[in-house]
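Number of protein chains: 4
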Amino acid sequence: MSVDSSVASPKSAVNKGRAGELYGRLFSTRQGSLALAEPLSDEDQVVQSMEDASPTKWHLAHTTWFFEAFLLTQFDENYTLFHEDFLYCFNSYYEGKGERHPRHFRGLLTRPGAEEVRAYRAYVDEALERLFNSGNLGKDVLDVIELGINHEQQHQELLLTDILSLFASQPLKPAFKQVAISAAGKSHAPDAIAFDGGITEVGHEGHGFSYDNEGPRHEVLLRPFSLADRCVTKGEWLEFMADGGYERHEHWLADGWATVQNEGWRAPLYWEDHEDEWQQMTLSGIRPIDPAAPVAHVSYYEADAFARWAGKRLPTEFEWERASQGLDEDGRTLGSNAFRPSPAGKADGSLQQMFGDVWEWTQSHYSPYPGYRPPEGAVGEYNGKFMSGQFVLKGASCVTPDGHSRATYRNFFYPHQRWQFMGLRLAEDQ
Amino acid sequence: MSVDSSVASPKSAVNKGRAGELYGRLFSTRQGSLALAEPLSDEDQVVQSMEDASPTKWHLAHTTWFFEAFLLTQFDENYTLFHEDFLYCFNSYYEGKGERHPRHFRGLLTRPGAEEVRAYRAYVDEALERLFNSGNLGKDVLDVIELGINHEQQHQELLLTDILSLFASQPLKPAFKQVAISAAGKSHAPDAIAFDGGITEVGHEGHGFSYDNEGPRHEVLLRPFSLADRCVTKGEWLEFMADGGYERHEHWLADGWATVQNEGWRAPLYWEDHEDEWQQMTLSGIRPIDPAAPVAHVSYYEADAFARWAGKRLPTEFEWERASQGLDEDGRTLGSNAFRPSPAGKADGSLQQMFGDVWEWTQSHYSPYPGYRPPEGAVGEYNGKFMSGQFVLKGASCVTPDGHSRATYRNFFYPHQRWQFMGLRLAEDQ
Amino acid sequence: MSVDSSVASPKSAVNKGRAGELYGRLFSTRQGSLALAEPLSDEDQVVQSMEDASPTKWHLAHTTWFFEAFLLTQFDENYTLFHEDFLYCFNSYYEGKGERHPRHFRGLLTRPGAEEVRAYRAYVDEALERLFNSGNLGKDVLDVIELGINHEQQHQELLLTDILSLFASQPLKPAFKQVAISAAGKSHAPDAIAFDGGITEVGHEGHGFSYDNEGPRHEVLLRPFSLADRCVTKGEWLEFMADGGYERHEHWLADGWATVQNEGWRAPLYWEDHEDEWQQMTLSGIRPIDPAAPVAHVSYYEADAFARWAGKRLPTEFEWERASQGLDEDGRTLGSNAFRPSPAGKADGSLQQMFGDVWEWTQSHYSPYPGYRPPEGAVGEYNGKFMSGQFVLKGASCVTPDGHSRATYRNFFYPHQRWQFMGLRLAEDQ
Amino acid sequence: MSVDSSVASPKSAVNKGRAGELYGRLFSTRQGSLALAEPLSDEDQVVQSMEDASPTKWHLAHTTWFFEAFLLTQFDENYTLFHEDFLYCFNSYYEGKGERHPRHFRGLLTRPGAEEVRAYRAYVDEALERLFNSGNLGKDVLDVIELGINHEQQHQELLLTDILSLFASQPLKPAFKQVAISAAGKSHAPDAIAFDGGITEVGHEGHGFSYDNEGPRHEVLLRPFSLADRCVTKGEWLEFMADGGYERHEHWLADGWATVQNEGWRAPLYWEDHEDEWQQMTLSGIRPIDPAAPVAHVSYYEADAFARWAGKRLPTEFEWERASQGLDEDGRTLGSNAFRPSPAGKADGSLQQMFGDVWEWTQSHYSPYPGYRPPEGAVGEYNGKFMSGQFVLKGASCVTPDGHSRATYRNFFYPHQRWQFMGLRLAEDQ
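In order, the protein sequences belong to chains H, A, P and S. Under numbering that gives the first Met the number 0, think of the first position of the first sequence as 0, with each following residue one higher. Under numbering that gives the first Met the number 0, think of the first position of the second sequence as 0, with each following residue one higher. Under numbering that gives the first Met the number 0, think of the first position of the third sequence as 0, with each following residue one higher. Under numbering that gives the first Met the number 0, think of the first position of the fourth sequence as 0, with each following residue one higher.
Looking at chain H on its own, in the form it has when it is part of the complex:
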């Protein structure tokens, strides 16, 4: 189930440079998606647990549709669709690509079956192989391929969080993959790492892949601040709960407090009150709470309330990005095969857990950078049209594909959502 890291090569002479590199990444990513679905039965792959989530089969088909819709039908004039109706079935939200199957009915699609979707993938993979061998590999083509790889990586993460949502909703609480977890001690007390203020540059500088919403690179003005060297832990969250965190309105945003009341929230998502202790549904089934591990599956509302309770605040996206500059962008992501956030190491004066374990809520609403313009055409719907009412998360999680994130990456979700591996790190004014 781990992503195959052996780099394949296009059969032609284009195996050098960007095309060669993309060729390898493309097919290892394509293979990686199938690997993630392997532990699942065809039945597991068809069901949708809630409107925010999608079935595994749909993820497998939609990421394939993406290459059909944005690449093969655009750049390969000999390409024949695998099935005409799939354009309708597996479009997600691209209005520019025509009508589509409604999101909340994705779980009704028992046909095409998982077997046929795998055939669809193989068919499109062959067409991609042919495209590489055709020599038609201009920048516009390679750009779409790179976008398609990154797009599929995002769906790999969603596939896993959606399966967790599905399995958590079932009486039998199945495990996606059993992973041995050694008992961890308590985490170290958090250290505050200080940073200067002043004008600093943020946003992607343009070398290598990035999404459109990461630019344009621009200057921002920061004030001195500090960031905790690690994420908030489940042990700390238990203290918040014990101190009436979910019962005291004064910690909460008004919309958050209303959500707590309406939804009956009393703990993070997937936590279950087993009389004498809290347990948690994970990708490895029901497990005891590990107090040293980062808390995950908390909404923005909860993260913000926790920070207020702690007398601190969430960082802005720019503070987080500034603090992460120069850090190694590798972390405990999907390739670590943990399938859960892991405890921080010993305090060492540096920021830990920045690119792995959990996505970190920032206090920044998701808004366009100065001068931002989405690209022309349907691909312009990828990011820009979601810039209202959501918040930015930074970093990466334990189920983010390796190498997918970076300092300028802007993940975004609504403040009530919590089915992703979402946690937090505290900040303070200096």
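Any given hint could be a false lead.
Cut-off 25 Å, straight-line C-alpha distance, at most; resulting in silico cross-link-like pairs (DSS-like, lysine-lysine) [to be verified]: (1) P:Lys96 - P:Lys384; (2) P:Lys185 - P:Lys384; (3) S:Lys345 - S:Lys172; (4) H:Lys185 - H:Lys138; (5) H:Lys311 - H:Lys185; (6) S:Lys96 - P:Lys96; (7) P:Lys138 - P:Lys96; (8) A:Lys172 - H:Lys96; (9) S:Lys172 - S:Lys138; (10) P:Lys138 - A:Lys311; (11) S:Lys185 - S:Lys138; (12) P:Lys172 - S:Lys96; (13) A:Lys311 - A:Lys345; (14) H:Lys172 - A:Lys311; (15) H:Lys138 - H:Lys176.
If you only want the chain A side, here are some residues facing chain P, beta carbon under 10 Å, derived [as the list claims (entries may be wrong)]: (16) Gly16; (17) Thr160; (18) Leu221; (19) Ser225; (20) His248.
For the record, the hints were derived by calculation from the structure and aren't laboratory data. Since the structure is predicted, the reported quantities are computational estimates derived from the model, not experimental observations. C-beta: ideal position from N, C-alpha, C; glycine also.
Using the hints provided, position chains A, P and S relative to the given structure of chain H.
Just chains A, P and S now, kept in the frame of chain H:
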């Protein structure tokens, strides 16, 4: 896929009399359910199209649960549950059997998988076999077995109507089973068959199986009436539509008119407007409308509006029962393998299509008969607790298992429901 | 606030016979509606507490609209509408009278103001006066006048139940009218009054006013039964509650049990748990529960559950009508100025409280009588189009205008509704 | 109905300095609220048109409650509550002040009546008068008084927008106040006024009143930009509509597009399609569209879509504030008695309509300024707890009380809301 009619025999000497007969019917019914699921993939079997419907796998498991919950755990002290959690997973609505998985989440149960449910069925079938061989076959035991057979037959019909609902909701409109349908001419003009009034007995007389809600047998007072010799056809329904049937409030009950507005009804369920003609989703996929065949998938509201438009009325359940007395109770049911309602034959002065093709709405609210008392215990929840707000349907449909219905049978649904094979036959005062 | 019983006379010579009698009843009814609104501020009269209820002002206007729409614009060619838009504003549910203001927005109509609605009433009253004096008083005219009187009486009852609903929803719990209530002892144990079975006639025989749904008169076949000599009391209801009445599913219809769960019902409507005792919101404000008085504001579901708990059942509408034949149809209705149901008298071997105190739920779904046809035109929408999913109530309540009800009267409501003065009387098979 | 500008004086010697000034403003504001309610009947004042809006009477009572809850009960130990239940009835959203009447039931409060609410106001006004005369006028007291004045001014604006909402929902479309509107020609073509980038200070500097959310004052970094010299007009909006503005997804944010579909938006709120022309419900009743006047009653989604269609963008809140620095903060607000936004004057190279006519949407999500901390206690709930999912509007509207707004003022609403006088002004990068 047809129900195996070879009558098996219990291995012991109990193959005579009622026990022997039930033994054969039990296992052919059990096998029949599996046969119905055969054309379906495991994926098809897990999904729930809407709250009224249930997944195939759930039907297969629930009918098995019924024998566990009402028979094996009650009468076989050595019986060990196949899986403790299944008591929770596969209870439908029996409050007396404890907590249960919520109805609208039935489609989330990817585990147990279809394979395990088949193992569950085999395990319970073996226990049933052992029970027969144990000689513990008192009347109470045999009564539950007979109830369990009839219960499973009802779910066979639901399995098919629920699969139709699921397949109709999908863009690819799959077929459950392709059946060749020869083009039919127009149906004959309906004849009115007259019946006298007076005191007549209705309700089950007590010999042979019946549900509790069919009794006590009692006298009712009828006035002279007539019944059409056949069901209303799709051709007649097209006339109703062409005459503004769905646009003219004066035909409709107030609740029906509100439903027409809220749901945007313009035709029976599963009818699709294909520009130049109406087509219909069937168990054999999308098909042209056959004007000679009985209309199906109409709600009580629509049936009542049609009758008013036609200057007639729906029969009462007692008129229908009176008219059917003495008729052959065989009709075009599941064993005919048509999977759709078929046109009536030539007019011959007798009532046609009474026990097959479509269930027929009556104008009778579903209420208890005088002196009715549900049985003690959870089995008493089978019928009695649904006696508010529903209407009685009589007869049988093209997907009712053979021999399941009878003149006293009372099927019941809410007036807005229409995913069953529901149609109508007109009545008049004499 | 009591209805003025002085019989006025038309100024012309038509003061004899039916016209004369209707003249008196019409204007005393019209005046009675105003009298009921007198204790209310204009503010009280404009607000709608919930979709089932209507504002007082709307009742005053709609009953006036009825005379405009069905009488004056039909039979007086010189009649000029008071205000054209009122046809739209104050139509209730008559599709045949054109578009109308949506029911759930009735409470938004601050204009026309209460003052203007009173002017509207006066304007229409003058036109009615003129009509009487015109001599144009054929049977068709008088029939509509009589229907209009009865219609307005129904709305007088609704006006009071809707005001109770409004006042109960407010923190200050205002009283409509303070009525001194002397403490009552316990009620006598109920006696069962027995009745023979056999064929009996029910339905209105055609002399005097009746609604269309009370006919045609026809024969029904009854079995021997008995009726309790009084209604179920609040004291008995407290026993039901103490015995877990609202917590034990086995007493309840499935739809009722679902409603209990969804709505959190634990007592009749308007009962409030004041720590050490139950109190009740009434038209005289918050009052202690009177154990001897009939329970009111219970739904069909609750009435049915209570009867099952008590080992009895609800009567059918025909049993109730049979039992009431020959009884005095006067009872403690609106003219008694109690504004609440009162305790029964001492047991005397006769049926008490039959035409007053509370409407009594029967187990009969509201269905058409054999041969029933609604009248032509919009007036045909008065009763017939509601014949699905509702139940019949018999008798009259403490806020039914005097003389409005009779043995054949069929009141009807949905089984979940309970804001009317609805109670029950138990029946048994003999 | 115009606000009384004669400055009253406290009877003691405190009529100098801040106390004296606040004394005058307090009572003229208090009187101003009553003046606004004068054209309304008591019925008009009790009804709530939708959950976002509140009844006039509630506004009158709640602004009075504010002085009770935050001033009199805190600083006047002899103060006796007018009515204990009013603490519950008229709390808006202050969790720290205890339980409160649910927002969506505000329109049920027929009691206390309008008369009693006026008495409540007089009672509290007298207590305020006594407080002034008591000499207990420390900074903490005066701060609350000043906050209460500003609070009441905000509710004066809401009172008017809520009445417009109520009147627009009614068939009779009443006018709040008839104002003669002379026909205007077309507006001048918009001029772009350019501004430099660089570091600039924003936020309130601390002299004079401001809300907590306007601070702390801090530096921000801007890029060169330009602002249109006037607001977008209704004429320009008609062009947007004619060009398919509401039908073309490519202009819209995803949430906006979903709202357009779900709500069926085809024009600004209160616009009505009268066959041959668009008309608009206003505080003066139904009026033709004035193409030269600023468009109002558009949501953020619509404003953003319009800007994209126009090839421009909305300004940030800081650009707007920067541009407004040094401008006269007087504009066409409530005192102008126009009750509608008015056309801009001739182009003169300066920014027009900045502090009046319509609030202007900015592209800035409503977030805390660096270092922002809400005050302790319930008053801290005034602004801070709403900082998620809303957008900032700048300026003032035609119904904002005179002198209420300023350059640093941050109004905020959800992106789908449009019942306020909300419009827009376009910006561009330089």
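Hints versus structure:
In summary, the hint linking Lys96 (chain P) to Lys384 (chain P) is supported, as the alpha carbons are separated by about 15 Å, within the 25 Å threshold. Of the pairs offered as hints, the one joining Lys185 (chain P) and Lys384 (chain P) is violated, with about 43 Å between alpha carbons and a cut-off of 25 Å exceeded. Proximity of Lys345 (chain S) to Lys172 (chain S) is assessed by CA-CA distance (about 34 Å); at most 25 Å being required, the pair is judged violated. At roughly 51 Å between alpha-carbon atoms, Lys185 (chain H) and Lys138 (chain H) are farther apart than 25 Å, so this suggested pair is violated.
Between Lys311 (chain H) and Lys185 (chain H) the alpha-carbon distance is near 21 Å, which keeps this suggested pair within the 25 Å criterion. About 51 Å separates the Cα atoms of Lys96 (chain S) and Lys96 (chain P), which puts this hinted pair outside 25 Å; it is violated. Between the alpha carbons of Lys138 (chain P) and Lys96 (chain P) the distance comes to roughly 22 Å, so the proposed pair stays at or under 25 Å and holds. Taking the CA atoms of Lys172 (chain A) and Lys96 (chain H), the gap is about 22 Å. The hint holds against a cut of 25 Å.
The straight-line distance between the Cα atoms of Lys172 (chain S) and Lys138 (chain S) is roughly 47 Å, outside the 25 Å bound, and the hint therefore fails. Proximity of Lys138 (chain P) to Lys311 (chain A) is assessed by CA-CA distance (about 29 Å); at most 25 Å being required, the pair is judged violated. For the given pair, Lys185 (chain S) sits about 51 Å from Lys138 (chain S) by alpha-carbon distance, which is inconsistent with the 25 Å threshold. A threshold of 25 Å between alpha carbons decides the hint, and for Lys172 (chain P) with Lys96 (chain S) the separation of about 22 Å falls inside it, so the pair holds.
The suggested pairing of Lys311 (chain A) with Lys345 (chain A) holds, with an alpha-carbon distance near 22 Å, which does not exceed 25 Å. Note on Lys172 (chain H) and Lys311 (chain A): the hinted pairing is violated, with a Cα-Cα distance of about 56 Å set against a maximum of 25 Å. With a C-alpha separation of about 40 Å, the suggested pairing of Lys138 (chain H) with Lys176 (chain H) is violated against the 25 Å cut-off. Hint status for Gly16 (chain A) relative to chain P: violated, with the closest Cβ pair at about 35 Å, above 10 Å.
Interface hint at Thr160 (chain A): violated, since its Cβ lies 20 Å from the closest Cβ of chain P, which is beyond the 10 Å cut-off. Interface restraint check for Leu221 (chain A): the shortest CB-CB distance to chain P comes to about 9 Å, inside 10 Å, so the restraint holds. For Ser225 (chain A), the suggested interface contact is broken, since its CB lies about 14 Å from the closest CB of chain P, more than 10 Å. The criterion of a C-beta within 10 Å of any C-beta in chain P is met by His248 (chain A), whose closest approach is roughly 4 Å, and the hint holds.
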